[in-house]
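*Asks:* Residues per chain are reported as follows:
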Amino acid sequence: MKKQIIKILTELRPEFDFSQESVDFIEEGMLDSFDMVNLVNELDTTYCISIDGVDILPENFSTVEAILKLLEKNGVK
Amino acid sequence: MAFLELKNVRIAGMSACVPKSIEYTKDNPYISADYDFEDFIEKTGIHSRRKDESLVTSDMWCAAAEKLICDLGWDKKEIDVIISCTQGPDYIAPCTACISQDRLGLSKECYAAEIPLGCSGWVYGLSYIGSLLSTGCMKKGLLLVGDARTVLPTSDPIVGFAGTATAIEFQEGAEGFKFHFGTDGSGYEAIIIPDGGARNRISAKSLQMEDINGRQLCRLQSRMNGMDVFSFAITTAPKSMKKLAEHFKLNLESIDYCVLHQANMQIDEIIRNKMKFPKEKVPMCLPDFGNTSSASIPLTIVSQLRGKVENKYTKFLCCGFGIGLSWGSLAFDSEGMVLSDLVEI
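Quick note, the sequences are listed as chains V and G, same order. The numbering of the first sequence is our numbering, which starts it at 1 and goes up by one. The numbering of the second sequence is our numbering, which starts it at 1001 and goes up by one.
Keep in mind the hints are simulated off the structure, nothing from the lab. No false leads were mixed into what you were given.
Listed below are the simulated DSS-like cross-link pairs for lysine-lysine, each with C-alpha atoms no more than 27 Å apart in a straight line:
(1) G:K1239 - G:K1007
(2) V:K69 - G:K1276
(3) G:K1315 - G:K1140
(4) V:K69 - G:K1274
(5) G:K1239 - G:K1281
(6) G:K1312 - G:K1242
(7) G:K1279 - G:K1242
(8) V:K7 - G:K1043
(9) G:K1239 - V:K69
(10) V:K2 - G:K1043
(11) G:K1067 - G:K1139
(12) G:K1243 - G:K1281
(13) G:K1312 - G:K1249
(14) V:K73 - G:K1274
(15) G:K1139 - G:K1315
(16) G:K1077 - G:K1007
(17) V:K69 - G:K1043
(18) G:K1243 - V:K73
(19) G:K1043 - V:K3
(20) G:K1242 - V:K73
(21) V:K2 - G:K1274
(22) G:K1276 - V:K73
(23) G:K1242 - G:K1274
(24) G:K1279 - G:K1312
(25) G:K1274 - V:K77
(26) V:K7 - G:K1274
(27) G:K1276 - V:K77
(28) G:K1308 - G:K1279
(29) G:K1308 - G:K1274
(30) G:K1239 - V:K73
(31) G:K1139 - G:K1312
(32) G:K1076 - G:K1007
Just chain V, with the same shape it has in the complex:
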């Protein structure tokens, strides 16, 4: 699943390396609010889930691990 998330992120912003573990994607400006909208739409479609708006917080999208946790919260295994 981790690879799949990195693939989705890379398709959104091919100019960045999302495999780096110590980087905060939001703080580093790798994802802006437009990217977040696309990312949520892509995650919803890929994993057949419906991420709630209350979970649209920078900390839930700041790293691959954070995105993994959000997916797990939405029942993705």
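Assemble chain G onto chain V, guided by the hints.
*Replies:* Relative to the frame of chain V, chain G by itself:
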């Protein structure tokens, strides 16, 4: 609970006016240091918009209203009410509703008032005018909504100019309108023009450009916290429509068209998925006209559904959401609703 049901009123018709001048996103040279038009189109779904800086809001909605009055065969003397909604008034004061009464040549025996709401404005405006007309004391009215988008840099490829007119009339026994409303003023800073009101009066500082998320904006222009607005939109719009359906026992599967505020293609797509509506039931005018604020719902109906709904019984579900933060959902049925040709000036 902010539910409202108004009986004995119907939408007689709708019209919309946009500038002739088309600006294509691919031709827009620059909005920020890292702006890439292909990326922008992919992210927002906006290919073009209408823009003419020489136009003011009443130019567009009065042209739309003139066309609609003519198509309906209404006598202007019979129009008892104008409610307007804009965030781009012709003047700070007086309100554009009063100016429009005169421009349209309506009777001086006319109720005219204005609501300064944004993207939820058409739904709220319909509740105002519907409330006034549902008693039957006043019989016909116009809801005028739209914006000459003066509160954002006109180079911003998100926003489009539009003005619309919706004709509402009293009709004994008409099914009317069903609403759900919501407000979260704690999010007032999510979309805001910081200066120009009493809190921060206009000063020399108001005109200084600031870097807001990579865009150069002054404090008399609207700025947005994209993350907060996104979170708000995908949370509240589906919940509001579901609450409306539950409260009034509406069968969502029987809805013919769900018309959303045209915020951004991806945001509307997430809302559509949450509502489980097929694409063909959720028309979009965003690709051609951009985000047209309060005008976006009627503009979508006029530009996308003309020829499809006039002669058959049609069930609509609409939702407007945006600055405030404010949101409203509306269910109404139409039969014989007149949709005028798009007016271009």
